[in-house]
Amino acid sequence: MALEVPCPHCGPRPFTEFAFGGEERPVEAADAEADFARVYLSANEEGPRRERWFHALGCRTWFSVARDTTTNGIGRA
Amino acid sequence: MSSLVFEGREVPVLEEDTVASSLYRAGVRTFTRSLKYHRRRSLYCGTGECPNCLVTVDGVPAVRSCVTPAREGMRVERAHGWPSTERDLLHVTDRLHRLMPVGFYYKTFIRPRFAWSLAERVIRRATGLGRLPEEGALGTPTARHLRTEVLIVGAGAAGLGAALDAARAGERVVVCDEAPIGSRLAPGPTLDRVRALEAEVRALAEVQVLDRHAALGVYEGPSVPLAAEDELVQVRAERIVVATGATQTHPVFPGNDLPGIWLGRAASRMVAQNHVPIGERVVVAASTEEGLEHLSALVAAGANIVAAVVPSSVRGEVPDSVATIVDGRVTSAQGRRQVAAVFVGSSEGTRRISCDALVLCLGLAPRDALARMAVDEAVEVIGDAALGEQEPHMHEDGMLCLCEDVSLHDIRQAWDEGYRSSEILKRYTTATMGPCQGAMCGTALACVARDLADSSGMPAQRAGTRTTSRPPARPVPLETLAAAVHEVIEKRTSLHEVHEAAGARLDWSGGWKRPFGYGDRREEYRAVRERVGLMDVGTLGKFLVAGTDAATLVDRMFPTRVRDLEPGRSRYLLSLDEAGYVLDDGLICALDDGDFYLTSTSGGAGRMDARLREWADLLGLHVHLLDRTAELGAINVAGPLARKVLEPLCNDPLDADAFPYPGHREIVVAGVPCRAIRTGFVGELAFELHHPRSRGPELWAALMRGGWAFDILPHGLDALELLRLEKGHLYLGQDTMPDDTPAKLGLSWAVDIGKGWFVGKPALERMASLPASRRLVGLGFDGGPEDTAELRGMPITLDGAVVGRVTSAERSIVLDRAIGLGWIRSAGDGFPTELRAGTAAARVEPTPFYDPEGVRVRG
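For the record, the sequence lines run as chains A and B. If you use numbering that gives the first Met the number 0, the first sequence corresponds to residues 0 to 76, in order. If you use numbering that gives the first Met the number 0, the second sequence corresponds to residues 0 to 858, in order.
Note that these hints are calculated values from the structure, not bench results. From the three backbone atoms N, C-alpha and C, an ideal C-beta is built for every residue, glycine too. Be a bit skeptical, because a hint or two may be false.
Part of the chain A face toward chain B, derived, beta carbon under 7 Å [as the list claims (entries may be wrong)]:
1. F17
2. D34
3. G57
Just the calculated beta-carbon pair ranges, DEER-fashion [what the hints assert, rightly or not]:
4. B:R74 to A:E44: 57 to 63 Å
5. B:H623 to A:L2: 29 to 35 Å
6. A:A31 to B:V667: 34 to 40 Å
7. B:E496 to A:T70: 24 to 30 Å
8. B:R167 to A:V26: 37 to 43 Å
9. A:G74 to B:A788: 53 to 59 Å
10. B:G138 to A:P47: 53 to 59 Å
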């Protein structure tokens with residue numbers, strides 16, 4: 000309810016304006032097996048990680064943020 | 000004089016009346032019946048904390064009448080009791096108190112097993128806070144967000160003072176209060192101070208005052224949702240100041256819940272503000288400064304105070320006319336319908352004083368629900384809310400929890416049964432779990448638990464903590480919490496009014512209101528197949544992809560071959576996700592200068608835009624993306640005579656040589672500039688005219704006029720369903736599943752697997768080696784139900800085993816038989832072809848069913 004996401008254009012806004020884009024991950028992989036892992040096997044680790052957000056109800060920009068999954072602390076990556 | 004209607008009779012309403020005060024003036028003494036024992040309950044706290052005054056107002060149950068302003072014409076009813084609140088036969092349960100201990104129904108109705116379902120029905124009818132209105136929502140609250148530096152919850156003297164300080168220090172401030180400022184204070188010095196502060200605060204531009212907004216909780220951020228009658232405001236602040244004040248202590252002694260027993264604030268407001276006497280013989284027990292103020296207010300209003308029980312330290316401040324009992328203690332109260340006598344113990348022994356009202360001012364209990372909710376958040380607690388916990392006034396027995404009818408005796412018994420901490424006692428007895436959420440009894444429960452732990456040699460600190468404070472801190476209708484959900488945006492094309500005027504049946508389709516039909520579906524269908532039809536397809540997603548990397552983006556994002564797409568040509572476009580599953584489809588049109596114009600399905604438009612932006616960003620490409628969905632309208636002119644309708648309205652060549660299928664051109668139709676795209680969805684010669692939205696109605700009108708001679712008809716989604724099905728075209732979402740690959744849908748022809756990397760290509764390559772497990776196929780039905788709607792969703796069987804499901808079914812008009820689409824599973828050695836769907840024989844057939852060569856589309 001209370002998470003605020005720092006949009007590079009619009010500043011911090013309530014997360015309900017955004018779409019979550021998942022963990023940041025490479026666009027391509029070396030081979031089919033690595034690609035399977037890239038698509039399906041997200042790290043999902045506790046602690047800080049980088050993830051993608053989309054300001055769907057705002058400027059419609061994609062960007063990356065660093066968020067700590069234990070504290071929900073969030074900042075521009 | 001205005002009035003409200005109370006259970007069928009008119010009750011006068013005077014200035015400054017609350018619902019409670021007008022009812023009380025009219026002689027109402029029993030406002031509610033208690034939850035379990037149906038004891039009479041009357042006005043008590045007067046500040047919206049306790050459950051005693053809950054009534055039904057205009058059909059809304061559980062309205063706190065003591066803080067609800069009375070208005071002309073209100074319909075007010077009491078909710079409890081059978082047959083009525085006044086004469087409640089269920090009061091017999093009070094006599095059976097000892098037979099109905101806490102949790103008695105869990106213990107009682109165990110065997111036989113059906114006993115509980117019977118008992119539950121009876122218990123449910125006997126309890127509760129009223130009936131919810133049967134007809135839908137009470138209102139349509141809206142939701143909004145608000146950002147500020149300081150949020151101050153509570154606009155009393157402390158809160159307003161803090162607001163002034165913060166604003167003078169240059170901070171932006173929001174002050175909220177659940178009530179209009181000062182409305183719950185009786186006339187007196189405190190109210191005067193609040194009024195003066197209010198005037199100062201309202202004069203400051205930095206301060207925003209949100210009265211009638213109740214803070215529901217403190218969440219991470221910190222952020223605080225505020226509930227008002229017509230909106231939910233999510234406030235996010237740098238810091239929060241809790242200035243919610245304190246409620247008056249609810250003392251526990253035998254008879255403490257009798258009608259005629261008042262907390263000081265309720266009593267002095269009733270006499271000083273509403274000018275209604277609370278009794279002829281009043282006893283006041285006051286041990287606080289505030290209590291002496293209330294005593295003075297009662298004396299000034301002419302109340303007959305038969306005794307004032309005060310501490311010796313303040314004896315001098317009691318008016319001379321009042322008889323005092325020094326350092327006494329109210330030990331019990333007696334009475335049947337209302338209080339008739341109180342017993343006061345002091346050093347001189349116990350005295351019985353007959354009276355008809357008892358006013359209690361025995362301390363303050365901080366309203367600390369919000370403060371205790373805040374964990375690791377920037378929250379400061381000031382004023383009375385910051386008062387420490389005071390030892391509550393408890394004596395022998397009495398009603399501890401007014402909401403849930405839990406007595407001190409019940410708590411002790413539960414303790415003896417082994418429920419040995421405040422949290423466990425709460426869960427077992429439900430004390431503190433009623434409408435007041437422990438505002439009256441939370442401290443008392445913790446203290447009892449502590450005392451009991453002490454006396455049984457347990458660690459008192461652990462057993463006697465205050466129970467966890469959780470949102471909502473104030474009662475709130477669920478519909479307010481769902482405020483944002485109520486905000487449905489109805490999207491309309493520019494032709495909405497045109498369709499309405501034509502008598503179209505408009506209904507939801509995704510987020511849009513679209514025509515499903517204009518009357519006769521068969522005629523609409525025949526117009527397209529035999530002559531010419533019009534359809535509003537302005538809901539389609541429409542996108543411009545421009546810039547130096549436009550071609551690279553569409554090439555790498557879609558499996559479609561686009562490198563060889565000449566300007567003026569278009570192609571079917573599939574959209575895959577990284578797992579190789581089909582997300583959406585549409586058309587891609589190559590424009591003259593290396594740009595592209597894309598369409599998507601109506602429902603997929605938002606996602607298409609998001610994904611175009613996502614991949615442009617991920618691949619680091621220089622492109623300009625323009626979502627033109629809302630800005631452009633589109634009308635599909637389809638049918639063998641489509642060209643005949645358009646040619647007179649248009650100077651551009653439309654013949655198959657100059658404008659072949661599949662292609663697109665910029666043309667001007669009836670003066671309206673359009674991008675015309677030759678499409679094949681309905682399987683006839685068709686021109687989809689994309690035009691500036693604002694010119695939609697005039698274009699539609701010109702086409703209808705031009706088509707008059709050819710019996711042109713508009714058609715809706717119902718006719719389209721059959722038109723596309725005869726062509727075997729699938730509807731994404733209806734005929735597909737979330738994990739359908741192009742191969743499963745028979746769309747491998749739309750994938751250029753030989754080109755370089757594109758989104759989903761590695762996944763498709765990996766899956767290419769897997770055996771085909773499922774496939775979408777065309778189906779021809781024989782001997783099934785007359786109404787093909789019955790076939791939709793029906794399992795497809797092979798020798799009695801389910802091997803698939805019908806996803807679409809229609810009776811084809813041109814073929815005069817039932818056709819459909821459905822998915823089937825592989826039988827191991829290939830896909831079966833002779834199947835059943837219920838009573839119908841289902842045969843796998845090639846698609847399209849109609850015009851398989853596509854001659855008509857190319858015409």
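These are the hints, each one checked on the structure:
The closest approach between the C-beta of A:F17 and any C-beta of chain B is roughly 11 Å, which is over the 7 Å cut-off, so the hint fails. At about 4 Å, the closest approach between the beta carbon of A:D34 and any beta carbon in chain B falls short of 7 Å, and the interface hint on this residue holds. Given the 7 Å rule on beta carbons, the hint for A:G57 is violated: about 12 Å separates it from the nearest Cβ of chain B. Taken as a hint, the range 57 to 63 Å holds for the pair B:R74 and A:E44, whose Cβ atoms sit roughly 59 Å apart.
As the Cβ distance of B:H623 to A:L2 is approximately 31 Å, the hint placing it in 29 to 35 Å holds. Taking 34 to 40 Å as the suggested C-beta distance range, the pair A:A31 and B:V667 does not conform, at roughly 51 Å. In this structure, B:E496 and A:T70 break the distance hint of 24 to 30 Å, their C-beta atoms being roughly 53 Å apart. About 54 Å separates the C-beta atoms of B:R167 and A:V26, a value inconsistent with the hinted range of 37 to 43 Å.
Under the hint 53 to 59 Å, the C-beta atoms of A:G74 and B:A788, about 54 Å apart, fit the expected range. Between B:G138 and A:P47, the C-beta spacing of about 43 Å breaks the proposed range 53 to 59 Å.
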